[in-house]
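Assemble the whole structure, with the sequences as input and the hints as a guide.
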Amino acid sequence: MSTDPIKTKEVSQPCQLLKAEREKRGVTTKQIADVLNLPERFIVYLEDGEFSKLPGVTFTRGYIRNYAKYLELTNIDELVGTFDACVGNDVTDTRVLDFKQIKRIKSISNSIYWLVSFVVCLILAGIVFLIWQHFANSNTNQTIPSENGTVIVEPASTASTVLQEQNTIPVISTDSSTLPLALNNTTQLATDNALSSVNTDKNSVSETNVQGQSEQDTANTEENAKPSLKKGEGLIEANFKANCWVSITDATGKVLVSKLFTANTHLNISGKAPLDVVLGAPSAVSMSYNGEPVQLNQTSNSTHRIKLGK
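Read in order, the letters of the sequence shown correspond to residues 1 to 310 in our numbering.
I should point out that these hints are in silico values taken from the structure, not numbers from a laboratory. Small disclaimer: the values here were computed from a predicted structure and weren't measured. Among these hints, one or two may not hold up.
With a straight-line Cα cutoff of 30 Å, these simulated DSSO-like cross-link-like pairs (lysine-lysine) come out [stated by the list, open to error]: (1) Lys-231 / Lys-254; (2) Lys-241 / Lys-307; (3) Lys-259 / Lys-231; (4) Lys-69 / Lys-53; (5) Lys-254 / Lys-230; (6) Lys-53 / Lys-30.
With beta-carbon atoms standing in for the labels, derived distance ranges [unchecked claim]: (7) Leu-124 / Gly-62: 50 to 60 Å; (8) Ala-125 / Pro-293: 55 to 65 Å; (9) Arg-104 / Leu-124: 25 to 35 Å; (10) Leu-122 / Val-44: 53 to 63 Å; (11) Ile-105 / Glu-78: 36 to 46 Å; (12) Thr-28 / Ala-85: 52 to 62 Å; (13) Leu-124 / Asp-34: 45 to 55 Å; (14) Val-27 / Ile-112: 48 to 58 Å; (15) Asn-239 / Gly-126: 45 to 55 Å; (16) Lys-310 / His-134: 38 to 48 Å; (17) Thr-265 / Val-120: 50 to 60 Å; (18) Ile-123 / Glu-40: 46 to 56 Å.
Backbone N, C-alpha and C define an ideal beta-carbon position, used for all residues, glycine too.
In structure tokens form, the structure reads like this:
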């Protein structure tokens, strides 16, 4: 291994010394590049003194030091000092970002990323809300067949109101607070007369409940009583075993009824014949006209139209 001193008069720059030493040893630039883990063109730039094509003075100084170590030269610091003297201020060092700058740039990038993501999420949420509102508005309406075969759109709240009216049942309750207060203070010393008085009060309450129920039944009977018929009028009676929309129009075009009937309800109505009847669910209805049964299509769940009293 050669350790001859550098002949500075013959070799004025460290790059020329490195090149001369490499050629003396018979090593190619490709081999040097592989050992230093650098592109081969960097070795060529270094030997030719084209420092401006290298990443910077700091990196070039490191290349020279590693190059000299590989060639096992003993004057590495002298070569680096000669390089600094030769370069001077002619070559500007490439600006290298420090860790804080990289972290700041990364933070800004992350902020932009999250901002864009948030805006996209807002847009998607707005689209979903508009779609939901559209379907919600469309579902608030329901279609009802009219007497002339056209479709009438009514708010769903009407149907729900009818259901509430049909399902409303008066409840008769007995408030325990109406019983004599003396019952709560009965002691073991109570006499048979006091017990007899309590039994009398209970029987009185029971009779009141029975009387109230009888009055309710009488009211229902009167409500469902057949209306008196005039000449040229027809009477329709219908019993419903399931929910069914009913529309009835008389001969003058007057709409006698147009609403939803629920299960276990009854209809008695009269009007000038002929009567035009539209049923939303004929299989849920049993009907008679002037006491005679009316044949309906019990197998169909579609709208059924029939004219009675022709």
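Here's how the hints hold up against the structure:
Between Lys-231 and Lys-254, the direct Cα distance comes to roughly 17 Å. Compliance with the 30 Å bound is thereby established for this hinted pair. Of the pairs offered as hints, the one joining Lys-241 and Lys-307 holds, with about 22 Å between alpha carbons and a cut-off of 30 Å not exceeded. For a cut-off of 30 Å, the pair hint linking Lys-259 to Lys-231 stands: about 27 Å separates their Cα positions. Between the alpha carbons of Lys-69 and Lys-53 the distance comes to roughly 23 Å, so the proposed pair stays at or under 30 Å and holds.
Distance check on the hinted pair: Lys-254 and Lys-230 sit about 16 Å apart at the alpha-carbon level, within 30 Å; holds. With a C-alpha separation of about 18 Å, the suggested pairing of Lys-53 with Lys-30 holds against the 30 Å cut-off. At roughly 51 Å, the beta carbons of Leu-124 and Gly-62 sit within the given window of 50 to 60 Å. Separation of Ala-125 from Pro-293 is about 59 Å and conforms to the stated range, judged on CB atoms against 55 to 65 Å.
Range check, Arg-104 to Leu-124: about 31 Å between beta-carbon atoms, so the 25 to 35 Å window is met. For the hinted restraint 53 to 63 Å between Leu-122 and Val-44, the CB-CB distance of approximately 55 Å keeps it satisfied. A C-beta distance of roughly 39 Å is found between Ile-105 and Glu-78, which places it inside the suggested range of 36 to 46 Å. Taking 52 to 62 Å as the suggested C-beta distance range, the pair Thr-28 and Ala-85 does not conform, at roughly 29 Å.
Under the hint 45 to 55 Å, the C-beta atoms of Leu-124 and Asp-34, about 53 Å apart, fit the expected range. Between Val-27 and Ile-112 the C-beta distance comes to about 49 Å, which sits within the given range of 48 to 58 Å. Between Asn-239 and Gly-126 the Cβ separation comes to about 51 Å, which falls inside the hinted range of 45 to 55 Å. Checking the proposed 38 to 48 Å range against Lys-310 and His-134 shows it holds: the Cβ atoms sit about 45 Å from each other.
About 54 Å separates the C-beta atoms of Thr-265 and Val-120, a value consistent with the hinted range of 50 to 60 Å. Between Ile-123 and Glu-40, the C-beta spacing of about 52 Å keeps the proposed range 46 to 56 Å intact.
Checked against the numbered hints listed earlier, the structure breaks hint 12 alone; every other hint is satisfied.
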